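A.B. asks: Each chain is listed here by its residues.
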Amino acid sequence: MENGVITAGLEKYFNPETTEEVKVTEGTHAASYAVGLARVKVISAYPITPQTSIVEKLSEMCASGEIDAEFIKVESEHSAMACVIGSESTGARSFTATSSQGLALMHEELHWAAGARLPVVMVNVNRALGAPWNIWADQSDSLAQRDTGWVQLYAESNQEVLDMVLQAYRLAEEIMLPVMVNMDAFFLSHTTEPVAIPKQHLVDQFLPGYNPKFKMDIKDPRAFGGLATPDRYMELRYNIQKSMEGALDLIPKIADEYDAIIKRHHGGLVEEYLTEDAEYLLVTSGTITGTSRIVVDAFRNKGIKVGLLKMRVFRPFPVKVVQESAGRAKKIAVIDRNISFGQSGIFFNELKSALYNLETRPLINGYVAGLGGRDVTPSTIEKVINHLIAAEKGEDLIWMELNYESDEI
Amino acid sequence: MKKNALDFKEGMPVSAMSITDMSKNKTGSWRYMRPYYQNKTAPCIKGCPTGEKIPDYFDKVKAGKFEEAWHIILEDNPLPGVCGRVCYHPCEGACNRKDLDSPIAINNMERFVADQNMANGYPKHFHVEKTEMKIAIIGSGPAGLSAAYQLARKGHAVTIYESLAQPGGMLQMGIPKYRLPREVLKKEIKDIQTLGVKIKTKCTVGKDISWQNLQMSYDAVLIATGAIKSRPLNIPGEEKKGIAPGLQFLREFNLDDKKEIKRKVVVVGGGNTAIDCARSAVRLGADVTIVYRRSHKEMPAVPEEIEEAEAEGVKINYLTNPVEFIGDSRVRKIRLIRMELGEPDDDGRRRSVEVQGSEFEIEADQVMLAIGEIPALDFLPDSINAQWGRVDVDSFQMTNNRGVFACGDSANGPIGTVVDAIATGKNSAFTIDAFLNDKSYHFINNNNVVGFDKINLDYFHKEERPAEARSDQTKLTNNFSEVNLGLDKDQAKNEAERCFSCGYCTTCDTCLVFCPDVAITHSDNGAPYTINYDYCKGCGICVYECPRDAMAFEEEIKWKTE
Amino acid sequence: MSQMKFEIPKIELMKSGHVACPGCGASMAMRYALKALGQNTMIVIPACCWAIIDGPSPCSVNGVPVFHTAFETAAITATGIKAGLSRQGDNDTTVMAWAGDGGTFDIGLQALSGAAERNEDIIYVCYDNEAYMNTGIQRSSATPWGAWTTTTPTKTPKSRPKKNIIDILLAHHIPYVATASVAYPDDFIRKMKKAKSIRGMKFIQILSPCPPGWKSAPEQSVHISRLAVNSKVFPLYEVEDGYRYKISLNHKNIPVEEYLKHQGRFKHLSKEQIKQIQVDTDTKWEVLMKKVEMGELFSEN
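Listed in order, the protein sequences are those of chains S, D and C. First residue of the first sequence? That's 2 in this note's numbering, and the numbers climb one at a time after it. First residue of the second sequence? That's 1309 in this note's numbering, and the numbers climb one at a time after it. First residue of the third sequence? That's 168 in this note's numbering, and the numbers climb one at a time after it.
Looking at chain S on its own, in the form it has when it is part of the complex (with noise of 0.2 Å):
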């Protein structure tokens, strides 16, 4: 296979109609290529490992005219934020990129995304934050900004971070909410895979341009997010949490018909594997699912009913999906990528807690693996796995791998 054509073979993976061109590459270059899908406007970064290669091939295409953005290269992420803020608030659709270190530095400009109800979309490449120095996978940073008023994708392959970021797009302009699409680091932002292109004019289609009912507007002119005092505070609060609530039904529709004008799917809120008569159910979200699909389907060959459920979002979180997937399952096997410190596993927490009103609880175990950037193999997930098999009772924290002599596994 080279770049720019289907080469044969692929056409079942690449729809040849939909498709521009194929390209083998990074999961960066991958959203670089969505935001210029997109018409974004207004580009503002502050360069980070590893979401680096984002804005070099986004300074690319500026450079060659390739895109018609403003690429604004700012002194920090907190401005690149604070600048996606401003240019969304003309009604430009804007766009950044960050991971870890950064996105903490952006934290306040996160509420203030949200809070002032504007559209933005960001790529957040996971990784580990410091001290100590860490530049691997891990979803600690994006987790850790989980009541910032984002909604949070994650994304599994380099192709669903192009289809997520323009689905983003469509999800955040219609909520008024900013958007966070999240890939591991390295895993994929430098796992170079063969991405579908879409043609632009279905990509206009299915993503038209952005013109919001209220904007900074010469002949409108409004004051946006001037003090509101007790009496107005918590409403506004209120319709936040009903534009997430909104997101859930919103982000399976958007995705049918991204489904039917691109002709690619990876599921809505969740994408379901071998669940419906799983008895074992394995939660997993962003690169470790793609390793896990094949421990299921070896676990399956051995007549074990094990099942996957990949959670593609993390905010809004989708409770009564996974009410209705896992529900189903005897024993539940969260794996995180992720530790909220003195708790547990992050999605294992939200799961657990998206269960407990079911009358009947499955024994649900959480799985803390990968930190900073180690490898998830296979062997891994058959621990796990097996682990979860023997148990007798829900453990919230179970470490993996862990190189001490301690209670891992």
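No wet-lab data here; the hints were simulated from the structure. On a predicted model such as this, the values are computed, not experimentally measured, just so you know. Beta carbons are placed, not taken as given, at the ideal position from N, Cα and C, and that holds for glycine. One should not assume that every hint holds.
As the list claims (entries may be wrong) - Stretch-level coverage of chain D by chain C, calculated; a stretch enters the list once three of its residues show a Cβ under 8 Å from a Cβ in chain C: (1) 1732 to 1741; (2) 1811 to 1819; (3) 1825 to 1835; (4) 1849 to 1861.
As the list claims (entries may be wrong) - Label pairs and their computed distance ranges (CB to CB): (5) C/GLU425 <-> D/GLN1346: 24 to 30 Å; (6) D/GLY1759 <-> C/LYS457: 42 to 48 Å; (7) D/ASP1842 <-> S/LYS254: 51 to 57 Å; (8) S/ASN358 <-> D/LYS1332: 42 to 48 Å; (9) S/THR192 <-> C/GLU284: 55 to 61 Å; (10) C/HIS435 <-> D/TYR1749: 58 to 64 Å; (11) C/HIS435 <-> D/TRP1338: 27 to 33 Å; (12) S/LYS254 <-> C/GLN255: 25 to 31 Å; (13) D/PRO1611 <-> C/TYR410: 41 to 47 Å; (14) C/GLU284 <-> D/ASP1842: 42 to 48 Å; (15) D/TYR1344 <-> C/TYR410: 49 to 55 Å; (16) C/GLU425 <-> D/PHE1760: 14 to 20 Å.
Following the hints, put chains D and C in place on chain S, whose structure we already have.
C.D. replies: Just chains D and C, lined up with the frame of chain S:
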């Protein structure tokens, strides 16, 4: 499927977005001090005996509206062309600007306005509804003219009795032409006559018409005969030939064009009459010396006049006094004695005391006595009280005889100057009018005078008053052309701009510009500005910054209780 | 001209009803700024007094679009707005960041420096009231030496001089930097208009009297501002292209004590301390004069 989450819900936007301004927030409720516009009295107005509204007419000069400026002066003074030349301008002495650089040339401004209107007649609204009342005024000097003018404007029929051939009194007979060209006087008298004032010249009361007749024929009589009798020195030799009152010299020269003059002229006295005599004599070719018993500082003549006289070659012997005139039948010499200054007397000037044994003599072919004038009241019946040779009047200028009034130098009160005469003439007119209508009368009391400390100097830059143009006086002999030429238009406008306008709003916009609450706007009801008390927080910047103290600041509670 | 005359645009975009304290310099400043810039203007306001003055939502006192933003982001949010507008074909609208001294000298300095270095086409106005006034008078790096604030009590008043923000901005080689005073609205408006006419980054520092924070009488706000200028504590000047200095008006030689004495925040200062301030002020003025000379030298070449 586009539904925008930023939509309105029950009238309120879903996000924090403005849908209205802050007009509902009436910040005026914060205020505990209330600013307001309050025109106060400029010191020049207070300083001017006739109370001319000086900043008011300056405002018109600024705008080039010279006729309107003239009308403002005419409210108080019908003789601006005269006063603008001969007034001793106490207004300038009071001017706040003197404490920054130099006082405004108010006197010349008045003259400028009058000169600009030399071709103009009085406006139509001066012709008012005539009344049945008749008033006789004795004397057509500044006091009589001023009273006649004000009474005529109230619709009364006024007749002035003047014993001389020409009206004007001291203005006509006393003041030299180089100070007051007669066409100016003539024009302003003529203007007064257009109001219906009759002037009977060569008609002396007590001779051509009896006092009784006068009193019976008129509803009121005003005595305005001035002070025309020179005071004698009462020293030996005063009867000698060549010694005469200065006023007589001036009258003969000004009215009868008598130009007889000796070589060595000595003028005794330090007032304006003395200077007028001296400068006229110089112009007739005499060598003139003024003898004055006090020092330069006490000299009552206008300082500029003294300067000009000295510049023209008049010698002034200060602190000297004649004790004897020497000569056969005609004066040849004067024996003088040196004086020194002692304790202040009643009018505040230091008393002059003779220095024993300091006598000396100077030559004199002709002596003019100008040590002061007193009224000639021979025509008055005894029933009218007089004191110190002047008619006794109350604060309403009325004598002890109801319906008989007196003003100017012939009555007690301020003495000796044209503007004081005009002022008392005006006041008598108002009180006569009130008397005739059986009404009470209150003089305006200009007490709220703006002091220099109330002027905001941040708004004014130092700039000296303009130097006045003068005619060529290098050849003095027989040169009676006007010395001072007044201001040109640019100078006048600039001078009006230079005026602080103390206590008088000039719509300079300072208050409006600095209001942090946008609560001051240009008014549409005639007042310069409106303060919107709904929003004014009472910070007081407008009051504090007002360059000219035309605003006031008062506790809100006082307003609320009123 | 022996009297001061005003040539002020009539347009009033800032309306009555705002919640600035009586005698607030910042409210005067906004009024003049909007008079100068006109309707075609957008304002970015970070955390500062003006975040409150403008009015609580759903109200706004300014007749132009206002975007409230986080404390340290005035310059960059304005940048974003400008970029958003220009990418949508609007290159005419003036975008003005309007921040206090805290949001400029301190927390917002990084974003300001970034915007200046990139020469963003915005006007950045710092209305400098020399402390964190909105939070209740805490010291900032704009607080002058010797001043009282709630965090520099009179026993230990501020011991370091005020940061020279103008020089910091000049180090970025931006086209226009100026100081302005509410006591000189003509000069203020002229500078705002000039800033509007220049493409690239413009920075204007306004000394903004704060009666509660300076412990001064509200009615004296303009007077004190004028004293600040004429005592040369806050000289009025502008700098084009980073080196062409121009003094805006004739500064009278008023002793700094005249300026200090109207303000309670300085009343604890001793004669010696005031003398020290005088010496510092004179030195800074001398330095400024040298810069003017140097600028002239370079301009000739």
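A.B. asks: Does each hint hold? Answer for all of them.
C.D. replies: Structure-based check of each hint:
1. 1732 to 1741: Result for this restraint: violated, n = 0.
2. 1811 to 1819: Coverage by chain C holds here, the residue count being 3 at a Cβ distance below 8 Å.
3. 1825 to 1835: holds (count 3)
4. 1849 to 1861: holds (count 6)
5. C/GLU425 <-> D/GLN1346: 24 to 30 Å: holds (28 Å)
6. D/GLY1759 <-> C/LYS457: 42 to 48 Å: Because 43 Å falls inside the window, the suggested range holds.
7. D/ASP1842 <-> S/LYS254: 51 to 57 Å: Once the Cβ atoms are compared, 52 Å apart, the range 51 to 57 Å for S/LYS254 and D/ASP1842 holds.
8. S/ASN358 <-> D/LYS1332: 42 to 48 Å: holds (46 Å)
9. S/THR192 <-> C/GLU284: 55 to 61 Å: violated (35 Å)
10. C/HIS435 <-> D/TYR1749: 58 to 64 Å: holds (60 Å)
11. C/HIS435 <-> D/TRP1338: 27 to 33 Å: Holds, at about 29 Å.
12. S/LYS254 <-> C/GLN255: 25 to 31 Å: At roughly 29 Å between Cβ atoms, C/GLN255 and S/LYS254 fall inside 25 to 31 Å, so the hint holds.
13. D/PRO1611 <-> C/TYR410: 41 to 47 Å: At 56 Å between Cβs, range violated.
14. C/GLU284 <-> D/ASP1842: 42 to 48 Å: 46 Å Cβ-Cβ, so the 42 to 48 Å window holds.
15. D/TYR1344 <-> C/TYR410: 49 to 55 Å: Hint holds: Cβ distance 50 Å, inside 49 to 55 Å.
16. C/GLU425 <-> D/PHE1760: 14 to 20 Å: holds (19 Å)
In summary, the numbered hints that this structure violates are 1, 9 and 13.
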